[in-house]
Structure formats: structure tokens, C-alpha cells
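K.L.:
If you want the building blocks of each chain, they are given just below.
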Amino acid sequence: MSTPPTVWQDIARKGLWQQNPGLVQLLGLCPVLAISNNVVNALALGLATTLVTALSSATVSSVRHWVPHDIRNPVFIMIIASLVTCVDLAMNAWLHELYLVLGIFIPLITTNCIVMARAEAFASRQPVREAAWDGAMMGLGLTSVLVALGALRELLGKGTLLAGADKLFGPVGHHLSLQLAGPDYQFLLMLLPPGAFLGLALLIAGKNALDARARQRQTAAANPAPLANTGTTP
Amino acid sequence: MSRHATHIAQPVTVSRVMMKVLAALLPGIAVSVYCFGPGVLVQLLLATLTALGAEAAVLRLRQRPVAPALADLSAVVTAWLLALSMPPLGAWWMIVVATLFAIVLGKQLYGGLGNNPFNPAMVGFAVMIVSFPAQMAAWGTPLAAMDAAAQLQWIFTHTLPAGSSVDAVSSATPLDVLKTGLLQGGQDVAQLLQQPRFGQWGNAGGEWVALAWALGGLWLWQQKLIPWRTPLAMLAGVLAVSLPLWLWQPAHYASPLFHLLNGATLLAAGFIVTDPVSGSTTPLGRLIFGFMVGVLVVVIRVFGGFPDAVAFAVLIMNMAVPFIDQTTQPRVFGRKGGRHA
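The listed protein sequences derive, respectively, from chains A and B.
Per my numbering, the first sequence starts with residue 1, numbered consecutively.
Per my numbering, the second sequence starts with residue 235, numbered consecutively.
Derived by calculation from the structure, the hints in this document are not laboratory data.
Since we're looking at a predicted model, the values are computed, not measured.
Note that the Cβ used here is the ideal one computed from N, Cα and C, for glycine as well.
Among the clues, some could well be false.
A few chain B residues that face chain A, going by a derived Cβ cut-off under 7 Å, partial list only [claimed, not checked]:
| id | residue |
| --- | --- |
| 1 | Val361 |
| 2 | Val364 |
| 3 | Ser365 |
Take a look, some chain A residues computed to stay more than 10 Å from chain B by CB distance [stated by the list, open to error]:
| id | residue |
| --- | --- |
| 4 | Pro4 |
| 5 | Lys14 |
| 6 | Ala34 |
| 7 | Pro68 |
| 8 | Ala163 |
| 9 | Gly164 |
| 10 | Phe169 |
| 11 | Gln179 |
| 12 | Leu180 |
| 13 | Leu188 |
| 14 | Leu189 |
| 15 | Lys207 |
| 16 | Arg217 |
Let's have the full structure, built from the sequences with the hints guiding it.
P.N.:
Shown next, in the form of C-alpha cells:
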């Protein structure tokens with residue numbers, strides 16, 4: 001048997017897969033559904049959320065001994081809101097076009113449940129480094145769901161991938177954009193809200209199917225099945 | 235059943251019921267083919283093949299027996315209803331995509347026949363009307379002189395042989411013409427209805443198709459396969475909204491007859507709201523369900539963004555069915571109060 005996972009590996013596995021905020025905890029669904037209409041938007045919002053979650057978890061953890069229990073939530077929200085304001089100003093300054101597209105969803109990171117949930121459930125009880133790592137992993141878990149959903153919707157809805165990547169990566173991004181279908185191709189349903197719900201449901205179902213298969217394989221490996229009764233005697 | 239004694243009852247199987255539903259659709263199909271040409275049959279064929287293929291594929295994925303599910307013909311009924319709601323000369327991929335959504339998303343992902351909360355055909359239709367409004371609005375021109383070869387060429391390659399005009403294969407439906415006409419302003423309903431597209435009763439050619447659906451529905455009722463409550467309640471709902479509006483301002487609102495003979499009203503009354511799986515099943519619930527579908531059809535047609543509304547009305551009311559059924563449980567004989575049945 002392999003060595004038991006370290007605490008770091010355990011946190012990473014939980015954030016990225018086992019307790020994935022988008023697929024398992026179903027937290028922060030509003031931006032997931034609203035901003036996943038293409039990969040670039042999804043990636044940008046995902047990374048911004050990751051940054052905020054990691055920084056806020058670290059901050060919350062570092063002040064955890066001095067925050068009175070009764071007013072912890074207002075304090076956490078103040079911390080998160082100030083960090084979001086920093087990200088908001090930074091994106092307005094350096095990624096202005098993208099900032100215009102994402103609009104209200106950047107300030108709304110403040111109210112994203114996943115940020116608050118990690119502050120409350122993890123960061124307020126754990127050391128700083130673990131908390132920061134947890135925030136980053138949860139954020140990346142959310143980002144991966146956002147990007148997968150964004151890719152699905154962009155591909156089926158418009159037949160492109162990473163369209164408008166220059167907004168995120170600068171001029172070099174022009175070479176990243178892929179046009180996989182004719183310019184007239186459009187499947188409106190996937191770009192509209194129903195596409196977000198259908199896509200997310202399919203991703204969740206896919207994850208559950210993979211987990212079920214893994215569990216089956218584990219139990220099969222743990223106790224080898226008795227010889228199959230084929231109805232014939234050797 | 236014979237009039238003499240000793241009857242041996244035929245067992246009522248799903249496939250027998252579905253077979254009769256398909257038979258009840260035949261008169262409407264015949265009139266459709268007469269009106270819009272053999273393209274209708276191509277749509278039916280494409281839908282049937284796609285539905286059976288999709289059903290088999292998903293059942294195999296779900297590791298369920300394939301043959302009995304295909305033999306119960308429920309997928310074929312869904313396919314036919316969908317094909318008959320779609321533009322008769324729509325491109326081949328439209329009906330294929332619509333059927334895939336209907337069978338895979340609307341039916342099998344919920345667990346197959348008997349478990350789908352939404353009418354699968356209407357799911358497929360709604361997906362298409364939301365995604366491709368322009369293509370879905372291009373209905374065939376009724377009684378346009380166009381031979382079978384030209385229709386096939388149009389459906390499969392989206393090109394026309396020399397000498398044919400696009401007008402022959404795409405004209406807006408009367409509902410669409412009326413809606414756009416009223417939105418543009420300048421003309422009232424009576425003036426708009428002067429156009430040849432509307433014919434004498436508001437839907438040239440189409441009214442015979444609609445009446446043929448009604449005939450099929452009546453036969454299903456006579457065969458005791460559909461209850462009378464849902465269809466009648468639906469028609470009452472259509473009247474309940476369209477009649478007052480029309481009496482109030484006939485210049486702005488089309489007549490109840492127009493709403494009855496246009497779009498999928500009569501097809502829905504006979505074949506769609508009567509779906510035993512996604513519709514309500516209690517006696518009072520059927521009345522409520524049907525009535526509200528009828529109300530919503532006219533409300534969405536008149537005040538909404540899309541020309542026809544049957545699919546949306548049915549899907550919205552499908553969502554309400556569990557609630558309706560729960561609150562309208564009939565009283566069980568021998569007990570007091572209906573809620574504790």
C-alpha cells in the first residue's frame with residue numbers, strides 16, 4: 001500500500017475533486033451558471049475567485065484568535081470585501097476589456113458562498129498555511145468546473161474555443177482562439193441559461209459516474225469476487 | 235367488442251395503446267401531406283429513425299433491455315408528434331437534433347417511459363424554437379406547387395432546383411404573420427387577415443390539418459384511450475382568454491376561431507395534453523391542467539415573444555403537475571376528506 005496522503009495532498013484532493021465546490025458542494029452557482037458562456041470569461045472569473053479565496057482564507061486564519069465568535073461573520077465579510085475591492089480595481093486597471101465583460105460578477109465575488117464557506121468552515125479553525133492552500137485548491141476546483149462548463153457551452157453554442165483570449169492574455173491570445181465551426185454556426189440554447197443548467201447537470205452526472213465506477217473497482221479489488229458461476233462444471 | 239356474451243378481453247398493452255395513437259394521427263398526416271407535400275413524410279421518417287436509434291443507444295448505456303422498450307412504440311409516438319410540430323420542410327438536421335433532445339434529454343435521462351416529468355416531444359420542440367427561431371419560423375407554403383424531388387433536395391441540401399423559388403418552401407405561419415403585422419402597426423387584425431395566407435378561416439390549408447387532428451383526438455376518446463376532461467378543459471382555457479380579448483378589441487386581438495385553428499392547438503388537445511405520463515391524472519387535476527394550458531397558450535401567443543406557445547404552455551404546466559395531483563386527490567370511498575387518500 002502507498003503511504004497515507006499528507007495533509008497538503010488531502011486538502012488538494014478535497015478541493016479539486018472530492019468536495020469540489022462546483023460539482024459537490026454546489027456553492028457559488030450564480031457565477032458558475034452566469035459566466036460560463038465561454039472559456040475566457042470562465043477562466044478569468046475562476047482565477048479571480050481563486051485569488052480572493054486563497055487570500056481571504058489566509059487572512060481569516062491569521063486573525064482567527066482575535067475575532068470574537070459572535071461577530072465573526074461580519075468580520076469575515078469585511079475582509080473578503082476589501083480583498084474583492086483590490087481584485088476589482090486591479091482588473092479594472094490591467095484587464096479593462098475583460099473587466100467590462102465580467103461586470104457585476106467581480107464585485108459579487110464578495111457574496112460568493114464558496115469564499116464565505118471556506119472562511120467559516122476551514123480557515124477560522126486552521127493554521128494560516130493550510131488555510132491558504134485550502135482556499136487556493138477550492139478556488140482552482142471551482143475554476144476547473146467553470147472552464148469545463150465554459151468550454152462545453154462555447155464549443156456547442158458557437159463552435160469556438162478561447163474566443164477573445166487576447167482580453168486575458170494580451171495580443172498573444174489571438175493565436176489561442178480556435179474557430180471549429182463555420183462563422184454562421186450558432187446553437188443558442190447552450191449560450192442561454194438553459195445551456196448552463198444542462199451543462200452543469202451533465203458535469204455533475206459525469207463526476208458521479210466516475211466516482212461510482214472507482215468505488216466498484218475498489219471493492220472488487222478489496223475482496224476478489226468468487227468464481228463466477230457460469231453454469232458449467234469444469 | 236362483440237355484442238354477444240363471452241368476451242375475452244384483449245389485454246391493454248402499452249404497444250397497443252401507442253399503435254392506436256399512431257393510427258389516430260394518420261388522418262392529420264394525410265392532410266398534411268396533401269397540404270405541404272411529401273416532405274412531411276421525410277420528417278416523420280427521420281424522426282422515427284433518430285428516436286429508435288437514440289432510445290436504443292441510451293438503453294444500452296443504461297444497461298437496460300433494448301428490444302421491449304423499442305417495441306412499446308412510445309418513442310415512435312414522441313417522434314411523430316415532434317415531426318408534426320416542426321416545419322414540414324425544415325432542414326434534416328433540425329428534426330434529428332430535436333428528436334435527440336426529446337428522447338435523450340426529455341425521456342431517457344429521467345428514467346425512460348413513465349418517469350419523464352415533461353412531455354418529451356415538447357422538450358424537443360422548445361429546444362429548437364429557443365435555439366433556432368428563424369429556421370423554425372420558415373414554414374412550408376400550403377398547397378405550393380412543388381414536386382417531391384425538389385422538397386427532398388431542399389430538406390437534405392438546403393438548395394433548390396432551378397426555377398423554384400424560396401417562397402415555395404418558406405413562408406411564415408399565420409400566427410407569425412399576425413404577430414409581426416401587429417407589432418409593426420398600421421394595420422389591424424381584420425386588414426391583416428385579408429392576406430391570402432390566412433384563407434377564409436384564418437389558416438389557409440392549415441385549418442384542414444387542424445380539423446384532422448381533432449378527428450384523430452375524437453377517435454382516441456371514443457376508444458377510451460384519452461379522457462375527455464383534459465382536451466375540453468384546454469379548449470375552454472383557449473376560449474376563456476381569447477373570447478373576452480376579441481370581444482373587447484377585435485381590431486387588436488384575433489378571434490377564438492383563429493386561435494383554435496392555428497398553431498398546434500388542436501394537435502395538443504388531442505395528443506399532447508392527454509399524455510398520461512407528464513399530464514395530471516386526477517379528475518379535477520385534469521380540468522385544471524388542461525384549462526391552464528389553454529390559458530397559457532393564448533396568453534403567450536398574444537403577449538409573449540414567440541408566435542406559437544403550445545410547447546411552453548405544456549412544459550410550464552408539466553412542472554405544476556405534481557402539485558396539482560397532490561392537492562386534487564379524490565376522496566377514497568369510505569373515508570372522509572379528500573386530502574388523506
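K.L.:
Determine for every hint whether it applies to the structure shown.
P.N.:
How the hints compare with the structure:
1. Val361: holds, 6 Å
2. Val364: holds, 5 Å
3. Ser365: holds, 4 Å
4. Pro4: The claim holds: Pro4 (chain A) sits with its nearest Cβ about 35 Å from chain B, beyond 10 Å.
5. Lys14: The claim stands: Lys14 (chain A) keeps its Cβ more than 10 Å from every Cβ of chain B (closest is about 29 Å).
6. Ala34: holds, 18 Å
7. Pro68: Per Cβ check, Pro68 (chain A) is outside 10 Å of chain B; nearest 45 Å; holds.
8. Ala163: At roughly 19 Å from the nearest Cβ of chain B, Ala163 (chain A) sits farther out than 10 Å, so the non-interface label holds.
9. Gly164: Label holds. Min Cβ-Cβ 22 Å, cutoff 10 Å.
10. Phe169: holds, 31 Å
11. Gln179: Label holds. Min Cβ-Cβ 20 Å, cutoff 10 Å.
12. Leu180: holds, 17 Å
13. Leu188: violated, 4 Å
14. Leu189: violated, 4 Å
15. Lys207: holds, 16 Å
16. Arg217: holds, 17 Å
Hint violations for this structure: numbers 13, 14, all remaining hints satisfied.
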